[in-house]
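Visitor: Residues per chain are reported as follows:
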Amino acid sequence: MEGLLALASGVLYAAGTYLMLRRRLAQLIVGLGLLSNGTNLLIFTAGGLTRARPPVVAAGAAALEPPYADPVPQALVLTAIVIGFGLTAFSLVLAHRVHATAGTDDVDDVGRER
Amino acid sequence: MRVLVLPILVPLSTAAVLMLAPKRPALQRWISLTASVFLLASAVLLFLRVNTAGVQVLQVSGWPAPFGITLVADLLSAILVVAVGVVGTAISVVAFSGVDPRREAFGYHPLLQILLMGVAGAFLTGDFFNLYVWFEVMLVASFVLMALNRTRAQMEAAFKYVTINLIASSIFLTALGLLYGATGTLNMAHLARVWPTISTPGADAVLALLFVIAFSIKAGLFPLFFWLPASYHTPPAAIGAAFAGLLTKVGVYALIRVFTLLFHSASPALFALLLAMSAATMVIGLVAALNERDFRRILSFNLVGHIGYTTASLSLLTPAALAGAIFYVLHHIVVITNLYLVSGVLLRLRRTTDMAGLGGMYRDQPVFSALAMIPIFSLAGVPPLSGFLGKLAILEGTFAAGAYWLGGLVLIVGLLTLLSMVRTWADSFWRPADQVPDLAAPGTPLLIAIAALSLLTVAMTIGAEPLFELTSRGAQQLLQRDEYVHAVLGGTP
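Here the protein sequences come in this chain order: A and B.
The opening position of the first sequence corresponds to residue 731 in the numbering used here, with each subsequent residue numbered one higher.
The opening position of the second sequence corresponds to residue 101 in the numbering used here, with each subsequent residue numbered one higher.
Derived by calculation from the structure, the hints in this document are not laboratory data.
Nothing here was measured: the structure is a model prediction, and the numbers come from that model.
Each hint should be verified, as a subset may be incorrect.
[To be verified] The calculated lysine to aspartate or glutamate pairs, modelled on EDC-like cross-linking and capped at a C-alpha distance of 16 angstroms, are:
#1 B:K260 - A:D835
#2 B:K260 - A:D800
#3 B:K260 - A:E732
#4 B:K260 - B:D200
#5 B:K123 - B:E204
#6 B:K260 - A:D836
[Said to hold, decoys possible] Not close to chain B: a few residues of chain A, all C-beta gaps over 12 angstroms, as computed:
#7 V741
#8 G761
#9 G768
#10 A776
#11 R783
#12 P803
#13 R827
All C-beta atoms in this analysis are idealised placements derived from N, C-alpha and C, irrespective of residue type, glycine included.
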């Protein structure tokens with residue numbers, strides 16, 4: 731399972747990087763999204779995959795009984811997803827403004843006067 | 101202990117107040133200025149506490165480290181937070197000489213406070229994931245400040261800036277994911293204790309490289325600095341001043357943290373890489389600065405080049421070099437912020453910062469020229485100003501570490517800086533103008549801010565000895581780690 735997720739995360743990184751090297755604004759933003767999701771998947775995988783109990787102390791017990799799942803990676807991924815969502819939304823608005831101002835969606839032409 | 105949270109809480113609550121307050125410029129400016137003065141005061145208070153009582157720690161909500169979020173202030177953090185207060189106050193004063201009305205209506209003041217909060221939070225946090233979150237806070241504020249305009253040049257700059265910073269954040273986050281996977285913690289002090297016991301050369305190299313790439317983009321190191329000169333000259337001078345003074349320094353700060361806490365005993369190749377990147381940054385930054393004819397672009401390349409000084413010293417990882425680097429960072433924050441404000445005055449007077457449209461300042465604006473002379477010659481490294489002392493400290497550090505070729509390079513790049521700044525001075529102030537009348541008055545608040553920062557540079561020159569003693573203690577604290585780790589985690593040092 732780790733191998734599969736690592737592969738998926740790698741594919742997301744590669745696709746994201748490829749799209750970010752393209753010149754069109756829309757592709758660049760999709761690339762950003764893929765990159766951040768690749769990262770999220772990586773954190774999730776690196777945090778350790780287990781078929782274990784949730785980290786809740788059972789009634790009457792004094793401590794957690796192993797094996798239990800680590801809750802921290804979920805918190806990290808959740809934070810990263812929220813931040814990534816906000817940034818993607820911002821870049822979409824910015825790209826819209828760039829397009830409205832420059833009249834082009836070619837990254838190389840944005841700064842060039844027509 | 102509670103004073104530790106003030107540099108974050110003050111700008112946060114101010115930003116909330118500013119968003120709800122009526123959008124009257126005068127009111128917003130006064131609230132912003134009051135808050136920045138409070139921020140400065142709380143930072144100074146925090147610094148005094150750290151200076152006398154040692155590393156200050158706050159376990160947020162009482163969750164003990166490494167389980168909760170920890171705020172830590174050691175000497176380096178405390179001094180840098182004071183610098184945030186200084187820059188914030190200067191920028192808030194500048195707002196009184198007028199901000200573009202569109203920007204002011206669309207949240208210029210609250211965004212500036214959020215930017216200050218992000219930077220202060222990044223300096224104070226004791227947790228790497230929290231550092232990532234502060235980075236994002238700071239970046240989002242800077243994105244909006246950068247993009248609050250509709251000119252083509254600014255749109256292009258903003259988009260480049262946003263893209264490269266998002267890539268850097270992704271790389272940083274990747275490093276954090278792998279680090280958590282390897283250690284099960286992201287608390288800086290805990291990592292400093294755990295990492296040496298489980299690190300392997302391979303893991304060290306992978307993680308350190310990811311951190312170096314992510315932070316080098318933020319700090320502006322070769323070959324990852326090209327976004328900076330492409331974007332920093334487009335926003336108004338006050339925003340450029342805040343960015344130039346603070347944002348790249350956060351990258352340098354993060355590099356200092358990871359190298360002193362985690363990778364201090366990593367393979368020499370890693371340090372050689374950082375050293376090579378820094379050396380290339382110094383040379384290329386200054387050569388490019390000499391090739392420019394626009395005041396603000398010259399500043400951007402000087403900014404990049406001088407970041408190389410600090411990271412080169414860091415890569416030696418000796419107490420003397422690190423003390424020199426911290427001294428240089430402080431000097432540079434004050435001077436580069438001031439110079440961007442000077443460019444703001446030039447813009448007001450001549451509507452351009454291109455050398456062709458400048459000149460004759462010394463005759464037309466003697467007071468302004470006298471004030472601007474201090475940061476220009478301090479950056480150039482003319483004795484006895486703080487830039488000279490900072491370079492001297494770094495030079496001593498390199499010689500003491502036996503890196504003579506680096507010392508030589510520091511001298512050569514110092515010469516290039518001198519050349520670049522003296523030429524800038526001669527072309528924009530000294531040379532007779534080509535009959536260009538001044539279009540507006542320079543604006544008294546802007547001049548007050550420049551005067552205050554220039555005075556601070558003079559004070560740092562006069563008080564160089566106690567300041568250097570302070571940065572030496574800060575460097576010791578960073579390299580010994582015990583006090584920091586012990587303060588956060590408790591237990592035996």
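Visitor: Evaluate each hint against the coordinates.
Guide: Results for each hint:
Of the pairs offered as hints, the one joining K260 of chain B and D835 of chain A holds, with about 13 angstroms between alpha carbons and a cut-off of 16 angstroms not exceeded. A hinted pair counts as satisfied when its Cα atoms are at most 16 angstroms apart, and K260 of chain B with D800 of chain A does not qualify at roughly 38 angstroms. Taken as a hint, the K260 of chain B and E732 of chain A pair is broken in the structure, with Cα atoms around 35 angstroms apart against an allowance of 16 angstroms. Simply put, K260 of chain B and D200 of chain B have alpha-carbon atoms about 23 angstroms apart, too far for the 16 angstroms limit, and the pair is violated.
At most 16 angstroms may separate the alpha-carbon atoms for a hinted pair to count; K123 of chain B and E204 of chain B meet this at roughly 8 angstroms. Distance hint between K260 of chain B and D836 of chain A is fulfilled; the C-alpha atoms sit about 13 angstroms from each other, no more than 16 angstroms. With 12 angstroms as the threshold on Cβ separation, the claim that V741 of chain A sits away from chain B holds: the shortest Cβ distance comes to roughly 15 angstroms. With 12 angstroms as the threshold on Cβ separation, the claim that G761 of chain A sits away from chain B is violated: the shortest Cβ distance comes to roughly 9 angstroms.
Chain B draws G768 of chain A into its interface by the beta-carbon criterion, the shortest separation being 8 angstroms against a cut-off of 12 angstroms. In this structure A776 of chain A is not separated from chain B by more than 12 angstroms, as the shortest Cβ-Cβ distance comes to only about 3 angstroms. For R783 of chain A, the non-interface assignment is confirmed: its Cβ lies about 18 angstroms from the closest Cβ of chain B, beyond the 12 angstroms cut-off. With a minimum CB-CB distance of about 7 angstroms to chain B, P803 of chain A fails to clear the 12 angstroms threshold, and the non-interface call is violated.
Its beta-carbon lying about 7 angstroms from the closest one in chain B, R827 of chain A breaks the requirement of being farther than 12 angstroms from that chain.
In summary, the structure is inconsistent with hints 2, 3, 4, 8, 9, 10, 12, 13 from the numbered list given earlier, while agreeing with the others.
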